[in-house]
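Undergrad: Starting from the given sequences, assemble the full structure and let the hints guide the process.
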Amino acid sequence: RFSEQQLVEDLIFYRSKLEQYHPNLYIYTSKEKMNHFFDSLTRSIDKPLDEAEFYRKITLTSALVKDGHTLILPSNSFVGHHNSNSKFIPLQIGLYEDQLYVKMNCTPSIVIEDGTIIDSINGISAGEIIEELSNRQVRDGNNLSYSNWILDTYFREYYSYTFGHPEVYMISYKKDEVLQTLQMPALVKDSVYLYRQSNYPEIYSNNTPSKGVYLDYDSSRTIAILTIKDFHSEVLKSEYRQNFRKEIRSIFERIFLAQPRNLVIDLRNNQGGDVENGVLLLSYLINRPFKIVEEYNRVKKGRLVKCKGPSPGFHKPDKNQFMGQIYVMLNGGSFSNSAIVSSCLRENTNAIFVGTETGGNPNVLAGYAKEFELPNTRIKVEIPTKQFIMTSLMKNDGSGLIPTHEIDPDIQDNIHRNDRQLAFVMRLIKENENILKR
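Quick note on my numbering: the sequence shown kicks off at 437 and runs consecutively.
No lab work stands behind these hints, which were simulated from the structure alone.
Here are the simulated BS3-like pairs of lysine-lysine, each with C-alpha atoms no more than 25 Å apart in a straight line:
| hint | residue 1 | residue 2 |
| --- | --- | --- |
| 1 | K744 | K831 |
| 2 | K493 | K806 |
| 3 | K469 | K493 |
| 4 | K647 | K673 |
| 5 | K752 | K742 |
| 6 | K727 | K744 |
| 7 | K453 | K737 |
| 8 | K453 | K744 |
| 9 | K742 | K467 |
| 10 | K453 | K467 |
| 11 | K467 | K816 |
| 12 | K467 | K493 |
| 13 | K816 | K806 |
| 14 | K737 | K469 |
| 15 | K682 | K752 |
| 16 | K727 | K752 |
| 17 | K682 | K647 |
| 18 | K483 | K493 |
| 19 | K831 | K742 |
| 20 | K736 | K806 |
Derived CB-CB ranges, DEER-like:
| hint | residue 1 | residue 2 | range |
| --- | --- | --- | --- |
| 21 | K682 | K806 | 26 to 34 Å |
| 22 | P602 | E440 | 23 to 31 Å |
| 23 | E869 | E564 | 47 to 55 Å |
Quick caveat: nothing in here was measured; it's all calculated off a predicted structure. For every residue, glycine included, the Cβ atom is placed at its ideal position computed from N, Cα and C.
TA: Right, dumping it as structure tokens:
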């Protein structure tokens, strides 16, 4: 446990770094309200706490800072200890429209049907669990789509940060309108992953090396589908052994030769990466000089001043231009550079967007984070140092980019891996082509 003094020191340290570096600290919450919140949070520390208890307090600031790049993560020793020694919920749990449901069974045998909606876990209602976790989760502005995407993707971890590591899980759910309760023993992570792989071999087989950036065609070869899982050069290199520039150049040479009439760009679950890679992609899609970011600012002596940032100024279009119709698929996991690229396409082309609201803000965000460890608890924090204005602050209402056509896959789509959004795009292309033929 940490003493009150140590915990207050850590909170003051975090607050001082936010005030010193964060360029977007007061965009969504006034300075007065922010100060009041930190003061009352400091006063609430009136007894020694362990790291998990303090983490549950300090992460409440995420709902006021409202910035998806401002991360607060448990210490390395905390994560390492629990990953090696503690037990976790043996279900893959998803989030859909304020409901929790079973995505996968990570148990020796399938005990609860995939798609089952969960009423409560260990006596706490699903609604209350979602509220507790959401209140501590990062988001860009007033938009919870990134927060929901994170919980849908990493529910097991974030549940454990708030509710700990019980030995047994009592799962209440409705079956044929009757409330049932199932008792499940918790499992260590290695067992969870092992059973998940054996229960869902079609998803978790290690036979096929996956790619981070790749091109597909429909059967008629009039529709090209470009999937970009990540814009980070390092991630593409280490995880997929791919070089972004090389892949994109080669892909657009092939597109230029094949001349498909439609290009679908899949940026779902792409949490961003290098701005330069976004510029390269856009140079094949925008037929005039374009800016990807209007201006960069940083905090200097308590005020915002202009500063340098990646890929400033105007960028030239590439000679291998794609001249057909662009469709972009988006969801809550489309964050940071995915939102920057989508914003630029929205401003400069007639691209059609399909899916759900982006997690990333299309008008303003904060990046170039500095990493710190809180001096006593060793909780890790990342605090952005540069403000990116993609369009203007006037346009920012705290929303993500809202698609032209909002298509949200439901629980059955998710568990059967039925791509409702892609199916919608394919129908839309057919309809648009039929209109052109008239």
